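> Residue strings, one per chain:
2 protein chains.
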Amino acid sequence: MNISVHAEADITAVAHNDLANAVRFLAVDAIETAQSGHPGLPMGMADVATVLFSRFLKFDSAHPNWPDRDRFVLSAGHGSMLLYALLHLTGGDLSLDDIKAFRQWGSKTPGHPEYGHTPGVETTTGPLGQGIATAVGMALAERMANARHGDGLVDHFTYVIAGDGCLMEGLSQEAISLAGHLGLGRLIVLFDDNGISIDGPTSLATSDDHLARFAASGWSVRRVDGHDPEAVAQAIAEERETAKPSLIACRTIIGYGAPDRQGTEKAHGAPLGTEQTAAARRALGWDYQPFVVPIPVLKAWRMIGQRGQVERLAWLDRYERATPEQRDLFVEGRAVALPAAYVLAAAKLRERFASERPKLATRQASQQVLDGIASTIPGLVGGSADLTHSNLTQAKAQTPVKAGAFAGGYIHYGIREHGMAAAMNGLALHGGFIPYGGTFLAFSDYSRPAIRLAALMRLRVIHVMTHDSIGLGEDGPTHQPVEHLAALRVIPNLLVFRPADAVETLEAWDCALGSEHRPSVLCLSRQALPTFRSDARGKNRVARGAYLVVSPDGGRDVTLIATGSEVSIALEAARLLATEHIRAAVVSAPCFALFEEQPDDYRATVLGTAPRVGVEAAVVGDWHRWIGADGEFVGMRSFGASAPAPVLYREFGITPQSIAEAARRSVARRNQGRTA
Amino acid sequence: MNISVHAEADITAVAHNDLANAVRFLAVDAIETAQSGHPGLPMGMADVATVLFSRFLKFDSAHPNWPDRDRFVLSAGHGSMLLYALLHLTGGDLSLDDIKAFRQWGSKTPGHPEYGHTPGVETTTGPLGQGIATAVGMALAERMANARHGDGLVDHFTYVIAGDGCLMEGLSQEAISLAGHLGLGRLIVLFDDNGISIDGPTSLATSDDHLARFAASGWSVRRVDGHDPEAVAQAIAEERETAKPSLIACRTIIGYGAPDRQGTEKAHGAPLGTEQTAAARRALGWDYQPFVVPIPVLKAWRMIGQRGQVERLAWLDRYERATPEQRDLFVEGRAVALPAAYVLAAAKLRERFASERPKLATRQASQQVLDGIASTIPGLVGGSADLTHSNLTQAKAQTPVKAGAFAGGYIHYGIREHGMAAAMNGLALHGGFIPYGGTFLAFSDYSRPAIRLAALMRLRVIHVMTHDSIGLGEDGPTHQPVEHLAALRVIPNLLVFRPADAVETLEAWDCALGSEHRPSVLCLSRQALPTFRSDARGKNRVARGAYLVVSPDGGRDVTLIATGSEVSIALEAARLLATEHIRAAVVSAPCFALFEEQPDDYRATVLGTAPRVGVEAAVVGDWHRWIGADGEFVGMRSFGASAPAPVLYREFGITPQSIAEAARRSVARRNQGRTA
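Listed in order, the protein sequences are those of chains A and B. The first sequence begins at 468 in the numbering used here and counts up one residue at a time. The second sequence begins at 468 in the numbering used here and counts up one residue at a time.
Think of the hints as simulated: they come from the structure by calculation, not from any bench. What you are looking at is a predicted structure, and each value in this text was computed from that prediction instead of being measured. Watch out, some of these pointers could steer you wrong.
[Stated by the list, open to error] A partial selection of chain B residues facing chain A, derived with a Cβ cut-off under 10 Å:
{"hint": "1", "residue": "T731"}
{"hint": "2", "residue": "E732"}
{"hint": "3", "residue": "I882"}
All C-beta atoms in this analysis are idealised placements derived from N, C-alpha and C, irrespective of residue type, glycine included.
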């Protein structure tokens, strides 16, 4: 429907209740049509959301990517119809047909909000706690961008609607704690405090005093009646003025309006049904057919969607006067090429690595890369989950970000791997930043749900995960990742790199930084590795996923495929085999996903037709993709153990000798097969 | 060294400082010898631990598995030498040679404490937050066992030493919140409040008021000088009397005693070095050679280790008078066979499933299994992370556990997947319980670090993970596990089951319940599946990991291997192929790990020599192990989408037709290969 907004369509002429009910019933009707969805939150939080959108949220529905808009995050993503209704009503790129196609194949209105799929959706939510933790990253990005570019270009709020589920997830605590510590005063969380979760009353499982808990982390907190629009408005207005992040606990009734379901878990996650839908219409005085929004109400909502136009135009005016670099950062939907200074710095590093061929842990090589390039990329933001001196993630040029001092480029995320990963997603989503953050690879398990969302959203975030195998030694099996490489490689859209020397580390960074639409994990060694790459110039070989390091003259009898710290062991094995006149090709395979994407003929050239031996200090995982069902694999078959790294490699049999032995077996089997 | 304890060796005759310094310097010397480890915590918390062990902890070092002992959990597992020193000094099965072999191959003293590896270690710690969350499960188990068996058999405390890292992890919040809600008054957390983490002062990353935060979740809290033994003793004594779980924040100096390192992050995770070790000896007046503990001090410690003897003997006396069932539950190091009543109930269910052949979601079949067996297994404890009615995890016979009412068999864990998994570990570690708990399979990512620890510890815990594929439909990609099967299968020691019908679901439960030394994940469908198994009696076929469902007469042209909800689709494909005179065998592969363990000839019989097609509504992961490097796989290549399940199966091409097409391609390739 095309609604032209006339001057007389005054927002204030339409009662709050009509605005809110328009949201409620679009949600109810869509869920009823889909026979699937969660009416409880849209009905319960329609009043709060209406107050927020109609009186506070700075946005221009025609320009959902305007960089200085307020961010709105529906952390309780199951209430997606609340967001879709708001986007549609305010004139976003979401038609009534889209609403009617809720939860259907190919629609713009999937079950949970998906970033990149529906214009106006700021982040993908659904897995609980992710929204609020991502919003912390957005609010942090706002302050950091403000510190860099000033109030004229960056000056906005981040609002979150979160439910009990989000607040019960431990992730929320990491987020709350970080936001409080950094004093992110422009973050305002509207808590849908309805006392109900899926199993029943929240009293079944929790007795937390959320207000006290948030206050303990330095938040400004208050409680309000979520069905009293003036009270909600006053609360938001006042909390916008505080220097602390704010929690407004909105007492609401889940499924507000459905007489037999409201206030109980029955309203949470199932369509109301014909009878309760009709009863809700009667109870709330919404006497319209399904999906019908009366013209005055729709006009009022469309005007709300245009409230931000003037501000946006004023912002554009300031934007026109900004520096070219700033303008580049604020281009909507931009494809940011890495600057020329970066390309030069990277080339210089490469020349040095290739000529000096240092013996370095890849985490050390990574440190040198960061020292060399950090200042060349505007918006590169480092950090670590309290392992800065182990991950080696802080570049010399980077100073820490602190409360009230946001100009720095390094974040002490604390011992909050999950919160870090979610905040990195928020930094990337906000725009203007390329975040990377470090922890041990074994603790990728902690941040995994947020890494998955980065992959689903196709964000450029870079996880620096050091201590990537039993090579970390004495810390033992709790800290030794044996299954994590395999577990990360199966996440779609995620690039998992395991570079084998300093040059490969640089190339892996180059791939990660250049992957605008995919997150990366750099898996780096604790232990020192020789640099075998000596090509000072030329193409990025890591970018092909796998490549031939050694290709024996006159063909090969066996192909050894290895990654990371095991490539140099495989090279040693190849030398051993050469003394027995077994010609071994050696392949370094730093990124399976990129190799998978290469043309068939390239892959065939690399893999060859000789028998293959896989080598990785990890469980076999998906290696059979490369070595075949019965291919030899030299790696781990169990958890690791606590001992010095060289002892572990020996005891677990990941040595040149055992690789050579596996190669001999493979060759013998092949020869036997030929004779038979 | 063999120390006989004489009557005159009065504990009280040895000064607290000597007892504590004995702990400190065993730690310092072991770390110095290993040139690896974390001296900061043992030095800082030696006073607190000495007070706890010498005055409160109920234990008998000669019987570390005495069921009614107090549990002591070192959540800050990097301080392992504190625990090893205490175990050695109190006369546990840990010699001075073991201490000297700290962090060496094959030693009993690995870098982080490992359950099952070192007698007296109650749980594996190191990944931060896990200890405190596991301890919540132990404390819960204590109350539940007490409710079942009375004060005479079960009456003990659970003590935890946790550091800043543990408390910053979101997992700790889930644990704290659950413990507060359930009123676990016998849980006492001693917080090593030293203000230092790895990166530096904790003020770099956190401003939390931990006392206020714990209080907000219903804990009794206080602060104490951690180097004042009397103050610590008074705090513990008083907190033992509160009805709430207790937090005692012990202000300590990290690395206490090392003049140039104490109170800074330098003391945290590196050996002190010769100079600082000597300086610490001087500063603390510990004028002994490395590893030397003066005889009076050692005698005093040994007496501390025997303090609990009398109590244990009195307990044994009561134990002798307990019922046979109770005695069975409290056998140390027991191998609990499933009771006859269970075997009967399972057989009955199987007969019914096999004869009625119901069309049921496997989560529904699981519900029926639980209804049938729950009351036959003492100590079976169910629960869900707020998805009871979706996971179908609550058996009819199970009533909820509540604060002050612990006799029930079902736990509302709240929206705390990670906390649930860790608490389940604690329930299993405590003894007397077989815990299972539910969530959606996609959210296994949230609980993954605790699942990993269960696998490392070889605990019998059972994760019921429903909604196991795109078959969950409209909730969309955030909730659809596409990579989780593969990601779980790579964890060593973990059994991942994906049953295909009601009979397989029963068999999977049977395997999981019978796997005393391995955790299990049951991946169950949301959508209904036909029951194809009609063998009312006979062996558990799931126990073999994979087996032939259809084996065509006269050999096969192709083998279709599928799991879970895709087995019935593969069966349909086989029928399609039969009309074209292509003979397709169909293999159901509910558990890769168990199949891997079968004898070669069994595996060969099942897999056959015909070309193979893998079918699973998930990414390919490690399927090439079964189908070969170039084997056909019908599954997912991306994240899912939001739509009704049948639409998703069609759109993603997981249909009988696409399987048949893949089979035809495989057969054609094989024939071509033969002709060529």
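> All the hints need checking, so say for each whether the structure fits it.
Evaluated hints:
A least Cβ separation of about 13 Å between T731 (chain B) and chain A goes past the 10 Å threshold, and the interface hint is therefore violated. With its C-beta approaching chain A no nearer than about 9 Å, E732 (chain B) sits inside the 10 Å limit, and its interface hint holds. Given hint, I882 (chain B) at the interface with chain A, holds; its Cβ is 4 Å from that chain's nearest Cβ, closer than 10 Å.
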